[in-house]
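Chemist: As a plain string of letters, each chain reads:
Number of protein chains: 2
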Amino acid sequence: MTTVPTPQSSRPGDLSPEEFRAAAHAAVDWIADYLEHPERVPVRSRARPGDVTSALPASPPKHGEPLADMMADFERIILPGITHWNHPSFFAYFANSSTYPGILGELLTAGLNANAMMWITSPAATELEQVTLDWLRQLMGLQDGWFGQITDTASVSTFYALAAAREALGLDIRARGMAARHDLPTLRVYCSEHAHSSIDKAVIALGLGHDNLIKIPADEHFRMRPEALREAIATDLALGHLPMAVVPCIGTTSTTSVDPVPEIVRIAKEFDCWVHVDTAYAGPAAIVPELRYLLDGVEGADSMVVNPHKWLFTPVDCSVLYTKRPDALRQAFALLPEYLVTKDQDQVVNLMDYGIQLGRRFRALKLWMVLRAFGADGLAERIRFHCELARDFAGMVHFEGGWELTAPVPLSLVCFRYAPAHASEDAIASMNAAIMERVNAEGRAYLSHTKLNGKYTLRLAIGNIRTDRSHIEQVWSELRAAATAVAG
Amino acid sequence: MTTVPTPQSSRPGDLSPEEFRAAAHAAVDWIADYLEHPERVPVRSRARPGDVTSALPASPPKHGEPLADMMADFERIILPGITHWNHPSFFAYFANSSTYPGILGELLTAGLNANAMMWITSPAATELEQVTLDWLRQLMGLQDGWFGQITDTASVSTFYALAAAREALGLDIRARGMAARHDLPTLRVYCSEHAHSSIDKAVIALGLGHDNLIKIPADEHFRMRPEALREAIATDLALGHLPMAVVPCIGTTSTTSVDPVPEIVRIAKEFDCWVHVDTAYAGPAAIVPELRYLLDGVEGADSMVVNPHKWLFTPVDCSVLYTKRPDALRQAFALLPEYLVTKDQDQVVNLMDYGIQLGRRFRALKLWMVLRAFGADGLAERIRFHCELARDFAGMVHFEGGWELTAPVPLSLVCFRYAPAHASEDAIASMNAAIMERVNAEGRAYLSHTKLNGKYTLRLAIGNIRTDRSHIEQVWSELRAAATAVAG
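Line order of the protein sequences matches chains A and B. For the first sequence, position 304 (counting from the first letter as 1) is numbered 318 according to my numbering, and the numbering increases by one without interruption. For the second sequence, position 211 (counting from the first letter as 1) is numbered 225 according to my numbering, and the numbering increases by one without interruption.
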């Protein structure tokens, strides 16, 4: 049977290629202009809640609209609602940046729309991911034997790692679950009191129970105390609990403190615990030869997360989960329904087998381009420079009366605050909150805060590739002016 | 204290903007050329395992390299390893496509590098996500009252939904976990035997146990049998298990069969089960007025996943999780460490509170652009056309001696096979596998397969925006030629 062919012109296909070329070239120029002058816009958006919503139609259009209209609305409606992570004076959370090679990679990824779920669904996507992550491993000075995969965020990387740790217990939790089992003890996970909330979320999601994440006290420099870890494990064993995993952090969120990984690994291994190292932010610093010591002890761990979308100049999202035990991840996650069976499946790596996501965007392309565009030396030089800037800023704070540093500065984050003599802790907290809000509202810099042993503390996180000394001096000047205004 | 300013020129900043402009404009033109002539390349990559790896250096470069070199290597090394999801004769899995507005959105997203983790970290990213998902809800004809969020994949959306269902039981699993509790029964989840593997992975990851995912038998049209669901729940209750959630599917992966959602919802609600509807592929079809009935009954569900990166012309990744019970998601996931406290947190939606990911790429931008560029009518027209093409192809198969349809064709997927008279089931399976491999190896079309009640079946999935009748006729001609060759 044959059908009468419909003329091809009747196909309701894609939009006009000319329109795309015009809009996309305009977007490239807009991005280039934007990144050449990132200081033209306020760092933190000045939008009030609902501003963007009320500027948009409440319902979708019935008919298609030109791409040029969208570019215009992007500038008119969206842009004022953007907080500019690309601004060189973005010092909040962990600063990051979109760089030219990363944007180029994202553009090509969007054009290809390849899916790295299986090897055959784009062999280059899977193989480039493996090669690029092996490059990154070498850059960080780690030995061979780490299997890498890209996920969207450190939260997912850590979640996968702890899922593998759970399955590696050999208790068949995959098949039988954890509820209503008389043979199953409580499973315990250990991290420092300064660990990131992603560890908490992973433990909760896995059904281990937030109560079973044991926060080990830190020392006066915010590092996990190994003897406290040993005590906690011993106590748990005495109570009949099963120690499952320890998650030390190299570069905590509040202060970038570094847990003593070699000692933690020794203790964890003594009790057969999985060790997952969270170095989402600080990992790339090991590319700098004189900072390589940061990863000391990591070779003894089972898994590690490092985020190129934080301090490695790669656009979000790009987190990397490394593991020495990929089989445990497969054991936790691999599933092969008939509709995904392929003839070559045993000769290749199918990355869908190492996590829950089936669809996998081709994220390796941008990371490959970033590593190539900067090279080992270029990456090291930029990261080193950020650490220098942080030390300089710390120096400014240290020598200024009425201000104090509240944590050591091992990397590119400075914890500090205004603390005039005789002010109460409550007064200091409200003054610093007011100072921060004043500076942030000005729009020339953006900081965030934390609390350290109950002390309200400002954080200056340096990580944007366009940050230079002038931005550090500018924010310091604004902070002092704000302090004068607030205190006066 | 002041430091001596370093001249700005000493800053090891970003690369040359001119180099970026040149490379990005070239990439735009490359993408436009590629998408105007997507048939120039073989659909399925011809790379052999290791081809891409061996063409790449084993170690990263020491010094930075020009972006132009990367564009050249992209074409020379990466491209031959790409399986072209943009090819109009990509009929495997669920076909999808990258469209001009989607690519434009991804480009701007990469340039901004905004993070929608909290409202303040880019108000427009959070608000545009809410508005765009409300547009999509309206397009699909759903009532008000659905809270939407974008995730990367349906696997994560479903995982979140079931995590919320688990917490909504009120058993404090978040805090106490599931192991070593005497008060906790086995928690059971129900889906059809044709449900997607993402349900299995979610149940495994949540620690519920794969054994506790009950696959309900389907009828002869591959739809969950409601009376079998009722029986399974009753049996479980008699055994002391706790029915937690039911996951009906609208558009299963193997055949796009549609479970009877209204009846399933009625039964589930009788037993206080959470209902999560998996309509990752088929949901957008409800934009077509005469297909709106597909979502009948969904209003009674608790959550639903629909993937714009499948049949809504949006580049991967973009999955949408809708729920009527956002508080349950918050209850399952929200956590507020001090370093994420903001002054306005109670007046705004902070999307980090509804899942495990903290970092959230600005994915709403591309979806907003797709919805605007095509408009309600344009989207409906294209989806309707794909269904027409599928019916036409089904007609060709139905009227051809020796071939048979193996499932109904409610949407844009055709299940069929070569089944000459008197051939055994084994012979049919190996002939069809050989036919598929022959066609796929030719490079002009790409199909995948499944098994239905043990019967090996080919799948022709139509979903690429550039597919027209000529591609359907071409693949049909290739299939018949391959059958002749294989059988002869």
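Errors might be hidden in some of the hints.
As the list makes no split between identical chains, a pair holds if one copy fits it or if it spans any two.
Listed next, the in silico BS3-like pairs over lysine-lysine satisfying Cα-Cα at most 30 Å (straight line) [what the hints assert, rightly or not]:
hint, residue 1, residue 2
1, K338, K469
2, K229, K357
3, K465, K229
4, K76, K469
5, K357, K76
6, K338, K357
7, K283, K469
8, K465, K338
9, K338, K229
10, K76, K283
11, K229, K76
12, K465, K76
Hints are computed from structural coordinates only; laboratory data are not their basis. These numbers were taken from a predicted model, which means no experiment stands behind them.
Chemist: Now, for every hint given, state plainly whether the structure supports it.
Modeler: Going down the list of hints, with the structure as the test:
Proximity of K338 to K469 under the C-alpha cut-off of 30 Å is found in neither arrangement, the shortest distances being 39 Å within a copy and 40 Å between copies. Proximity of K229 to K357 under the C-alpha cut-off of 30 Å is restricted to the inter-copy arrangement: shortest distance 27 Å between copies versus 47 Å within a copy. With identical chains, the CA atoms of K465 and K229 are at most 30 Å apart within one copy only, with a shortest distance of 16 Å there and 49 Å across copies. Taking the shortest Cα distances, K76 and K469 never come within 30 Å of each other, neither inside one copy (55 Å) nor across copies (43 Å).
Neither within a single protomer nor between protomers do K357 and K76 lie at most 30 Å apart by alpha-carbon distance, with minima of 45 Å and 39 Å respectively. Taking identical chains as interchangeable, the C-alpha atoms of K338 and K357 lie at most 30 Å apart only when both belong to the same chain, with a minimum of 27 Å there against 42 Å between chains. Taking the shortest alpha-carbon separations for K283 and K469, neither the intra-copy value of 35 Å nor the inter-copy value of 49 Å comes in at or below 30 Å. In this homomeric assembly, K465 and K338 never come within 30 Å of each other (Cα to Cα): the closest approach is 35 Å inside a single copy and 35 Å across copies.
Taking the shortest Cα distances, K338 and K229 sit within 30 Å of each other inside one copy (25 Å), while across copies they are farther apart (34 Å). For a Cα distance limit of 30 Å, the shortest separation of K76 from K283 qualifies neither inside one copy, at 62 Å, nor across copies, at 36 Å. Taking the shortest Cα distances, K229 and K76 never come within 30 Å of each other, neither inside one copy (54 Å) nor across copies (41 Å). Neither within a single protomer nor between protomers do K465 and K76 lie at most 30 Å apart by alpha-carbon distance, with minima of 50 Å and 40 Å respectively.
The structure fails to meet hints 1, 4, 5, 7, 8, 10, 11, 12 from the earlier list, while all remaining hints are met.
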